[in-house]
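Participant: Here is how the chains run, residue by residue.
Number of protein chains: 2
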Amino acid sequence: MKDFLVIPERLARIKEVLERRQPDLRLFLERVVNYHNVSAILRTADAVGVLHVHYFHEGELPINDAITCGAHRWLLLHREEKVKEALTKLRDQGFQLVATGLFPETIDFREVDYTRPTVIIVGHELEGISETVRELAHAVVKIPMHGMVQSLNVSVATGIILYEAERQRKEKGLYEISHLSEEEIESILEDWAYH
Amino acid sequence: MKDFLVIPERLARIKEVLERRQPDLRLFLERVVNYHNVSAILRTADAVGVLHVHYFHEGELPINDAITCGAHRWLLLHREEKVKEALTKLRDQGFQLVATGLFPETIDFREVDYTRPTVIIVGHELEGISETVRELAHAVVKIPMHGMVQSLNVSVATGIILYEAERQRKEKGLYEISHLSEEEIESILEDWAYH
Ligand SMILES: C[S@@+](CC[C@H](N)C(=O)[O-])C[C@H]1O[C@@H](n2cnc3c(N)ncnc32)[C@H](O)[C@@H]1O
Ligand SMILES: C[S@@+](CC[C@H](N)C(=O)[O-])C[C@H]1O[C@@H](n2cnc3c(N)ncnc32)[C@H](O)[C@@H]1O
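Just so you know, the protein sequences line up as chains B and R, in that order. Under numbering that gives the first Met the number 0, the residues of the first sequence are numbered 0 to 194, in order. Under numbering that gives the first Met the number 0, the residues of the second sequence are numbered 0 to 194, in order.
If we strip away everything but chain B, and leave its shape as in the complex, we get:
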C-alpha cells in the first residue's frame, strides 16, 4: 500500500540526496537557542550534505516546518544530554572535534582538513562554546574578522565553515560516491518518504 503514498520521482530524489550525504561530517550545536539561527543552520546542513546533527539544549530544540523549510526532516537529529560524554564518544569513534570561537589558541578555519571524519561544534549566541568543549576539541577555528564587530552571527559562521568543508569534499570527489550502505539508504528512505 505504501507505494501509493509517494510518487516515484519523489522517492528517486530522496534516494539521490541520501547518496550524497556525508555521514562523517557532523554538526554539534552547543546551546544555540535562537530558533531563527537553528533554522538557518539546519537548512545549510541539509544543503552541504550533513546527515547527523547533534545538539545540547535545555528543553526541546525549537523546530518545525515553517521555521526550517522542512530541513529537519532530512537530517538525523540527536539530542545529547551530556556534552562531554557525547563528544568523547565521537572522538573515540575517530572524529576530529573542531570547535569554533574567538580564543587566543584558534587557528584559521581554512587550515583544517574537513575531508577527515569531523564534528564541527558551534556555540551559544552570547556565551559561545563552553570550557568543556574548548578543552576536548582537537582544534578551535576562527573565521578572520577585519572589522569593528567581534563576532559573526552563529548561523552565518556555521555556513561559512560548512561551505569550506563542501569545497574540500567536492574537490576530493566525496559527493560522487555513496557513503551509506544500501540497507542504510533503504531504512532511512522508508522513514523519510513515509513520515
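Some hints here could point you the wrong way.
Copies of the same chain look alike in the list, so a pair counts if it fits in one copy or across any two.
Below 27 Å or equal to it, Euclidean Cα-Cα: the simulated BS3-like pairs (lysine-lysine) are [said to hold, decoys possible]:
hint, residue 1, residue 2
1, LYS14, LYS141
2, LYS14, LYS83
3, LYS171, LYS83
4, LYS169, LYS141
5, LYS81, LYS169
6, LYS141, LYS171
7, LYS81, LYS141
8, LYS81, LYS171
Think of the hints as simulated: they come from the structure by calculation, not from any bench.
With chain B's structure known, arrange chain R with the ligands on it following the hints.
Facilitator: Relative to chain B, chain R with the ligands alone:
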C-alpha cells in the same frame, strides 16, 4: 574639545579598520525585510571589510544597536529609491554586478573574480531578486546545494559569498594596502569617532 571624547586607542583602532576597508566590494540588499537577516548581514559586511552597503526597502531598514551589535555604525549605508537607476549608476562607475539566486543561467559563486570592483546583490527572503536585477546583472551566482531544501537563508548565503571574496582579496594582499585617501579616512574617522 573633541579630543577628550574618544581615547586614543579607540581612534587608532577605528583608523586601522578603515585602512582595511574595501570600498570597491559593495553589497546591495534588494528588499531583505527580516531584521534578524539584515543584522547578520551587516555584521558580516563589517567583518570582511565592506564599507558601502546599498539597500532598497519599503520604509526604513530595521536597524539599531541591539540588533546589529553596532555593525551599522561602521558602514556607509545608502538608501536607494530606485533599483534600476542605482545599479545602472554603479555599473557605469565600473562595478561588476553579481546577483545571487537559483535560476537556470546561474554560475557557481566561486567562479567569479571578486577582487575586481564588485557589487553583490541579494534578494527578498521569499521572492529572491527582481527581474530587473536579474536582467541588469553581469552574472547571477549560485551556491551549490546538495540536499532537499531549495535555498539557503539569505544572511548565510551572503556570508558564504562575502568570505569567498575575502579569501580572494586576502590572497591578493588587498587588506594590506589602504584603499581610502588620508582625507577620506580623516573625514569618516571624525564622523564615526564622535557620533
Ligand atoms: C556570536 S558567537 C559567540 C560570541 C562569544 N562572545 C565568543 O567569544 O564565542 C556565537 C558562535 O558563533 C560562532 N562564531 C561567531 N563568529 C565566529 C568567528 N569569527 N569564528 C568562528 N566562529 C564564530 C561560534 O560558534 C560561536 O560560539
Ligand atoms: C531564500 S532566498 C529566495 C528564494 C527564492 N525562492 C529564489 O528563488 O530566489 C533569498 C536570497 O538568499 C540568497 N540565496 C539563498 N540561497 C542561495 C544560493 N544557494 N545561492 C545563491 N544565493 C542564495 C539570494 O540572494 C536570494 O535572493
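Participant: With reference to the structure, classify each hint as holding or not holding.
Facilitator: Structure-based check of each hint:
Only between protomers do LYS14 and LYS141 lie at most 27 Å apart by alpha-carbon distance; the minimum there is 23 Å, versus 35 Å within a single protomer. With identical chains, the CA atoms of LYS14 and LYS83 are never at most 27 Å apart, being 34 Å at best within one copy and 43 Å at best between copies. With identical chains, the CA atoms of LYS171 and LYS83 are never at most 27 Å apart, being 32 Å at best within one copy and 42 Å at best between copies. In the homo-oligomer, the alpha carbons of LYS169 and LYS141 lie at most 27 Å apart both inside one protomer (22 Å) and across protomers (16 Å), since each shortest distance falls under that limit.
In this assembly of identical chains, LYS81 and LYS169 lie within 27 Å of each other by CA distance neither inside one copy nor across copies; the values are 33 Å within and 40 Å between. When the C-alpha separation of LYS141 and LYS171 is checked against a cutoff of 27 Å, the pair qualifies both within a copy, at 24 Å, and between copies, at 21 Å. Only within a single protomer do LYS81 and LYS141 lie at most 27 Å apart by alpha-carbon distance; the minimum there is 25 Å, versus 38 Å between protomers. Taking the shortest Cα distances, LYS81 and LYS171 never come within 27 Å of each other, neither inside one copy (34 Å) nor across copies (45 Å).
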